[in-house]
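A.B. asks: My request is simple: use the sequences and hints to build the entire structure.
Residue numbers (this note's numbering), protein chains in the order written: chain Y, 1 to 405; chain H, 1 to 405.
Hints are computed from structural coordinates only; laboratory data are not their basis.
Any given hint might turn out to be false.
A pair counts as met if it fits within one copy or between any two copies, since identical chains are not told apart.
Unchecked claim - Lysine to aspartate or glutamate pairs mimicking EDC-like chemistry, simulated, CA-CA at most 20 angstroms apart:
{"hint": "1", "residue 1": "K402", "residue 2": "E385"}
{"hint": "2", "residue 1": "K402", "residue 2": "D84"}
{"hint": "3", "residue 1": "K248", "residue 2": "E332"}
{"hint": "4", "residue 1": "K277", "residue 2": "E328"}
These numbers come from a predicted model, not from an experiment.
Protein chains: 2
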Amino acid sequence: MSITLTQESVVTEMARPEGKKALLLVMDGLGGYRTAERGSELTEASTPNLDRLAGEGSLGLHDPVTRGITPGSGAGHLGLFGYDPLNYEIGRGALSAAGIGFELQPGDVAARVNFCTLDAEGNITDRRAGRLPTEEAAGICELLMREIKLEGAEFFLQPEREHRGLLVLRGPGLDRDLNDTDPQVTGVPPFEPQGRTPEARGTERLVKQLLDQARALLAGRERGNFLLLRGFDSVKDMPSFPLRYHVKALAIAAYPMYVGISRLLGFETHQVEGAAKEEVDALAELLPDHDFVFMHIKKTDSAGEDGDFDRKVAAIEEVDALVPRILEAGVEVLAVTGDHSTPAQMAAHSWHPVPVLLWGGTAAADGLPKFDEVNCRQGSLGRFEAKHLLPQLLAAAGRLTKYGA
Amino acid sequence: MSITLTQESVVTEMARPEGKKALLLVMDGLGGYRTAERGSELTEASTPNLDRLAGEGSLGLHDPVTRGITPGSGAGHLGLFGYDPLNYEIGRGALSAAGIGFELQPGDVAARVNFCTLDAEGNITDRRAGRLPTEEAAGICELLMREIKLEGAEFFLQPEREHRGLLVLRGPGLDRDLNDTDPQVTGVPPFEPQGRTPEARGTERLVKQLLDQARALLAGRERGNFLLLRGFDSVKDMPSFPLRYHVKALAIAAYPMYVGISRLLGFETHQVEGAAKEEVDALAELLPDHDFVFMHIKKTDSAGEDGDFDRKVAAIEEVDALVPRILEAGVEVLAVTGDHSTPAQMAAHSWHPVPVLLWGGTAAADGLPKFDEVNCRQGSLGRFEAKHLLPQLLAAAGRLTKYGA
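C.D. replies: Listed below in structure tokens is the structure:
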């Protein structure tokens, strides 16, 4: 008989609620690449603890989306969670909301905000309002939240950082199918709000009400006297991670965006102030009540994005030093990887494959000497798309049953 | 949210018109395999220039179609151009036309011709007419072109090599859905032309007119007194390579078939007389006006097909000696590979994976010592289907933007 299981659905079918405790440790932007002149950050970092696990475990390389593609953070994490990023999308508005810890509800419509500056004719002179300070943007948000009244809907306006913010509309019958009002250039007026379908006309009118009142309220300001909107978006239908894999799942992260992504997928979440050490403390405390923990380390990516090779090396070494405490916390099976590469040479996310280490449970011992790109390309995991990592992590933890008679 | 991008469409979505100048250098039939007794052609060739690039770049192996499948030249090149050969096909008639430089137009129907010999009862005695010389076939083509008149259509009949030729019908309302007239056995008469659908009846009648007149015109000949037709085909709708990847694309080749394939995909083309050196001269001249160049070397495959190991080694070494001039021409990112393997031991195309070298731009330095099958299996590119090569080449050239928020 012909059947139609997919690589994703067979994993869900086989998942069972028993097995070892598993940790997915994501060092954001972990991967780098060697040039003829210099190694990658991982090859140069001193990582005695990860190297020991490399010898006892299996190494490989993953492509976050598919070969050649540089992923954003949303796409990168979806892949690591076993959701093919070519089939699922966390939209810009939803990510933005997640980023500031704003919990979107079904039916909400969210958009990204740029506070901008208009001249007397209403043309945009600065799309970023001189990158006005976050506190100033917060003041504008407060004013508009207090003064603007919409007919038949609530709204929330929150600052993000500098000129960026988040707008959320909440009410019956909203639709996200609206064009951006941001023309992406200066010297012209912002676009009028415009629904792309008849269903979006009501939302178009609400946005127009909001912008008209905002224009009047901000008219006296020298900078930040209007706002541009883009990426109208609503909560996405994401299959629940805990249901999909039959695990009690926890996310531990310092950055709100990663807490937010995890929450969208149905993880319990625990946010810490900042240091990786705090995350490990939380792990030790909360692991007894969970089967699966996703722990997110941001510093590796931030250093890579800043083009700071040495700081990325230091961030990796800081995590390495915490490995013994991670294992003491009761982690039985561990995957260490990144959501994408952020080579310091490029000071940006990149397309390069990302090192993976799988340790514990029934993971094979490759006997390789170091956790880095050079050894990972020799490892038994080979090179694979990120969506294949989670099934292997669950399998090593004894959480997938046999397929077929 | 559920979306439906594919591995191919995401690359098109991310492609941008800026980036480094890239060369895809295809040594036809490059791959071979080691036996217990002897190395492959690449392991035995002396290739100091490619070996230096191997150390500075990334190595891997590609499967042209999918594992175990031996590709023809059309399928092999489609894969290298990023078109999954399981989803796209350059038909036999179109390849044949490309092979002799005949430019098919939309609406044309092409078929492969075998000149054959019939006995007095009209049964086939030789499907290849004793492999009659090409000049003799050319004479037949000329005669038939001059004498045959069709009602409402033109036709073209051109010799290929020995008993092989090409038939093209041109006129309104043609349809390619016709059965072969070649029964593939001797001792029986050829099949009558037969349309498989009502739409193909008109074309069926034209082919019958043509064959009836040909039978009468060739009746006095001892060999080559009739023709068999197979692979009725028309121009395929191929997505344009330059549009798909936002590149100004040029193909440089000596053999008409590769010029033809490239032209079908929308490349500008430049045909040279023969030697690889001439191709490099053309590259130096034309690269300034292009973003992406495909350069095709035929000799490696011809030697492999002839079972001539040493001549294939020499062909590889000839290309290696040209590498410095290729780089001087201004190539910034380079992929070197074959469209399939043609091991001299087999004197035929084969299923073996094909060595790949990716150099320049943001390609990682694997530090491996030689460009051959043995080192390629250790490289960071791993083993992958050929359709994944082009995205990696574009990525290394900085021609793909970030996917997802």
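A.B. asks: When the hints from earlier in the document are held up against this structure, which numbers fail?
C.D. replies: none
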